[in-house]
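Visitor: Chain residues, written in single-letter form:
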Amino acid sequence: MRFLLAIICCKLLRLALRLLGRGGTALPGQVALRICPDMLSRLSRGVRVAVVTGTNGKTTTCRMLEKMLRDAGEDCFANRSGSNLERGITADFVSNADIFGRPRRRLAVIECDEAAFRRVCGELAPAVCVVTNVFRDQLDRYGEVTHTLGAIREGLDRAAHATVCLNADCSLTASLAADAPDRVRFFGVDAPLGGAAAVSDAPRCIFCGAQYEYDYHTFAHLGGFRCPKCGYSRTEPDVAVVSVGALTSEGSAAEVRIDGELFDVAVGLPGGYNLYNAAAALSAATALGVERRSAVRSLAHMESGFGRMERFEIGGTRITMVLVKNPAGCDRAIDYLRSLSGECTAVFCLNDNAADGTDVSWIWDAGFERLFDAGGAELRLIVSGERADDMRLRLKYAGADEGDIRVLRSQDELLEAVTSAGGEVCILPTYTAMLPLRAALAARCGRKEFWK
Amino acid sequence: MRELRIFHLYPDVLNLYGDRGNVLCLKRRLEWRGLGCSVTEVPMGERARLSEADICFIGGGQDFEQGLLMEDLRGGRAQEIKSAVEDGVTFLCVCGGYQLMGHYYETAAGERCPFIGALDLATVGDAERMIGNFAFETAFGTVVGFENHSGRTRLGGGVEPLGRVLRGSGNNGEDGTEGARYRNVFCTYSHGPVLPKNPAFADALLASALERRCGDASLAPLGDLAEREAHESVLKKVLG
Numbered sequence: 001m002r003f004l005l006a007i008i009c010c011k012l013l014r015l016a017l018r019l020l021g022r023g024g025t026a027l028p029g030q031v032a033l034r035i036c037p038d039m040l041s042r043l044s045r046g047v048r049v050a051v052v053t054g055t056n057g058k059t060t061t062c063r064m065l066e067k068m069l070r071d072a073g074e075d076c077f078a079n080r081s082g083s084n085l086e087r088g089i090t091a092d093f094v095s096n097a098d099i100f101g102r103p104r105r106r107l108a109v110i111e112c113d114e115a116a117f118r119r120v121c122g123e124l125a126p127a128v129c130v131v132t133n134v135f136r137d138q139l140d141r142y143g144e145v146t147h148t149l150g151a152i153r154e155g156l157d158r159a160a161h162a163t164v165c166l167n168a169d170c171s172l173t174a175s176l177a178a179d180a181p182d183r184v185r186f187f188g189v190d191a192p193l194g195g196a197a198a199v200s201d202a203p204r205c206i207f208c209g210a211q212y213e214y215d216y217h218t219f220a221h222l223g224g225f226r227c228p229k230c231g232y233s234r235t236e237p238d239v240a241v242v243s244v245g246a247l248t249s250e251g252s253a254a255e256v257r258i259d260g261e262l263f264d265v266a267v268g269l270p271g272g273y274n275l276y277n278a279a280a281a282l283s284a285a286t287a288l289g290v291e292r293r294s295a296v297r298s299l300a301h302m303e304s305g306f307g308r309m310e311r312f313e314i315g316g317t318r319i320t321m322v323l324v325k326n327p328a329g330c331d332r333a334i335d336y337l338r339s340l341s342g343e344c345t346a347v348f349c350l351n352d353n354a355a356d357g358t359d360v361s362w363i364w365d366a367g368f369e370r371l372f373d374a375g376g377a378e379l380r381l382i383v384s385g386e387r388a389d390d391m392r393l394r395l396k397y398a399g400a401d402e403g404d405i406r407v408l409r410s411q412d413e414l415l416e417a418v419t420s421a422g423g424e425v426c427i428l429p430t431y432t433a434m435l436p437l438r439a440a441l442a443a444r445c446g447r448k449e450f451w452k
Numbered sequence: 453m454r455e456l457r458i459f460h461l462y463p464d465v466l467n468l469y470g471d472r473g474n475v476l477c478l479k480r481r482l483e484w485r486g487l488g489c490s491v492t493e494v495p496m497g498e499r500a501r502l503s504e505a506d507i508c509f510i511g512g513g514q515d516f517e518q519g520l521l522m523e524d525l526r527g528g529r530a531q532e533i534k535s536a537v538e539d540g541v542t543f544l545c546v547c548g549g550y551q552l553m554g555h556y557y558e559t560a561a562g563e564r565c566p567f568i569g570a571l572d573l574a575t576v577g578d579a580e581r582m583i584g585n586f587a588f589e590t591a592f593g594t595v596v597g598f599e600n601h602s603g604r605t606r607l608g609g610g611v612e613p614l615g616r617v618l619r620g621s622g623n624n625g626e627d628g629t630e631g632a633r634y635r636n637v638f639c640t641y642s643h644g645p646v647l648p649k650n651p652a653f654a655d656a657l658l659a660s661a662l663e664r665r666c667g668d669a670s671l672a673p674l675g676d677l678a679e680r681e682a683h684e685s686v687l688k689k690v691l692g
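Protein chains in written order, with our numbering: chain A, 1 to 452; chain B, 453 to 692.
A few of these clues could be false.
[Said to hold, decoys possible] Below, a list of computed lysine-lysine pairs in the BS3-like style, where the Cα atoms sit at most 30 Å apart:
| # | chain 1 | residue 1 | chain 2 | residue 2 |
| --- | --- | --- | --- | --- |
| 1 | B | K534 | B | K479 |
| 2 | A | K325 | B | K479 |
| 3 | A | K325 | B | K534 |
| 4 | A | K325 | B | K689 |
| 5 | B | K479 | B | K688 |
| 6 | B | K689 | B | K479 |
[Said to hold, decoys possible] If you want the footprint, here are the derived chain B segments under chain A, 3+ residues with CB under 8 Å:
| # | region |
| --- | --- |
| 7 | 558-567 |
| 8 | 675-689 |
These aren't lab readings, by the way, just hints derived from the structure by calculation. Predicted model only: the values in this text are computed from it and were never measured. Don't be surprised by glycine CBs; every beta carbon is placed ideally from N, CA and C.
Throw the hints in and build the complete structure from the sequences for me.
Guide: This is the structure we're talking about:
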């Protein structure tokens with residue numbers, strides 16, 4: 001009885017919010033869970049679920065996996081709104097169910113926050129779990145990376161029957177294999193990519209504390225690691241990017257090996273880091289039974305996700321929005337800015353709300369200095385957001401002249417500057433700074449909101 | 453030309469909250485004034501003569517990595533740090549680095565881990581973390597920053613607090629003190645990093661080191677527009 005009541009409340013509340021023009025999923029889910037605490041496990045009965053967690057790349061990996069499944073003729077649903085806590089996930093399962101709680105579609109791709117992963121795995125009994133990577137992220141909220149790792153490990157323990165897809169190149173993520181030895185699928189990149197970061201999140205062996213040695217680096221602490229003391233080292237991945245071809249502003253070309261078979265792939269999203277997301281999605285899709293060649297083909301026709309390398313064209317201005325949340329992700333966005341040539345307007349929007357992390361000190365761990373190396377694009381700098389002053393200070397110490405940095409405090413000023421800039425504009429916002437800005441830009445382009 | 457040598461201790465393991473921004477800040481503020489500066493990174497296991505340093509910086513780390521340090525400290529580094537402190541070398545120690553300078557850290561379960569003992573202070577772990585933007589008043593003006601620690605630090609008779617808390621928790625959330633001062637050692641829970649937004653604090657460190665090295669602590673004033681505005685905006689946020 002409570003179950004049915006919860007479903008009705010959740011559906012009505014979500015409908016009401018939409019009629020008000022709001023896309024909220026958290027509140028309806030929260031209300032439903034209050035009425036019926038075990039409803040997520042009941043709603044997911046008979047649904048095969050892939051759960052994707054990790055610090056960076058969750059959303060894009062989910063979009064890729066979803067595309068692979070749909071292209072293969074599987075009817076699946078996903079929590080596309082980015083509401084990746086238990087309450088948001090619950091709301092999406094309610095939407096998938098009829099009024100009696102029976103699921104319509106029997107396959108789901110679910111993005112899950114690291115801190116919520118433990119509970120969500122216990123409820124969903126997933127068929128596949130993907131851990132993209134583990135980096136330091138919002139220390140005020142998650143605590144240390146070893147805590148994040150511990151939370152993910154507990155989740156995997158609860159997902160006792162899942163195939164576990166792990167990043168072979170991340171010494172933190174790969175260490176989870178010890179807990180699920182017989183059901184792990186590793187993915188990784190066999191070739192060097194962007195390079196190591198100034199600050200490594202995992203310089204020392206997670207098992208014995210000795211300093212890792214590397215055959216090669218891809219990004220940050222990812223790469224061909226090996227502990228000289230205890231022998232813990234990278235495992236040869238089941239799904240591997242074996243060589244990287246052209247990386248352009250439209251996408252990447254690479255050769256991929258899936259369970260021994262080689263394929264040429266074109267990934268229709270720019271940024272070398274998306275090769276990791278592609279490998280993660282390929283390992284999950286093939287674990288779910290998608291034919292290899294079909295999964296590879298799907299990667300060529302990706303649309304960028306919500307604020308993730310998303311493009312807007314307004315007048316003569318080409319705007320790229322790259323969501324940034326932590327040093328590792330921000331360094332990849334800086335790589336992208338570095339790859340541009342000519343003149344470019346670079347906009348940094350730093351907020352410090354709970355969803356962004358209230359501690360903005362992470363901006364000092366990202367390598368903004370590289371923006372001012374010789375040979376890159378000529379940047380016109382704009383800072384905005386609630387912590388615009390912190391961002392300006394960071395750029396000053398990175399090498400910018402403080403007089404050259406425009407501080408735009410209101411959304412209207414910022415929109416006006418961005419849309420009238422002309423040429424190439426790259427916006428790096430934190431999560432809550434992204435939402436209103438993206439909505440405004442999407443409206444100008446006549447694009448739909450995520451819940452439509 | 454006046455010149456300072458900055459040693460960044462354990463940058464490989466104590467680097468949690470943008471700590472290297474403090475070193476960058478000191479370096480830039482010397483460069484902008486036409487003064488010389490060299491930065492030496494001293495990772496774990498590497499020997500370096502701390503007696504040659506003018507400023508030593510120690511940041512905060514994760515428990516996992518901080519644990520690894522104990523062996524290194526026992527291997528002679530602790531004694532070296534103590535001598536440098538007594539010798540008047542300028543130190544900036546933040547968060548975990550601050551706790552390391554004390555006698556010990558006692559976990560909530562009562563397990564005691566002996567630390568360097570260079571300063572008369574000790575820290576006891578607590579389940580509840582003290583997290584958030586905060587501000588405190590010091591001899592060189594108001595300092596703003598972000599704190600995130602579960603350890604509660606109490607100062608002994610031999611050290612002074614760095615400042616008095618205006619808003620936030622500080623050393624232990626009870627006695628209103630924040631950080632510690634002893635000879636030329638400056639300790640604080642303010643990470644973020646603390647120096648760029650608090651240029652007077654940065655310059656106080658530089659002055660103490662220049663005085664010791666060259667007998668001339670004078671520092672030409674800098675514009676500090678971005679520094680002042682960043683400082684003001686956080687102060688406004690903290691005081692509400």
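Visitor: If a hint holds in the structure, say so; if it doesn't, say that too.
Guide: Hint check:
1. K534/B x K479/B: holds, 25 Å
2. K325/A x K479/B: holds, 27 Å
3. K325/A x K534/B: violated, 39 Å
4. K325/A x K689/B: holds, 21 Å
5. K479/B x K688/B: holds, 28 Å
6. K689/B x K479/B: holds, 28 Å
7. 558-567: violated (count 0)
8. 675-689: Since three or more residues must qualify, the claim that chain A covers the region 675-689 of chain B holds, with 9 doing so at under 8 Å.
Hints 3 and 7 from the earlier list are contradicted by this structure; the remaining hints agree with it.
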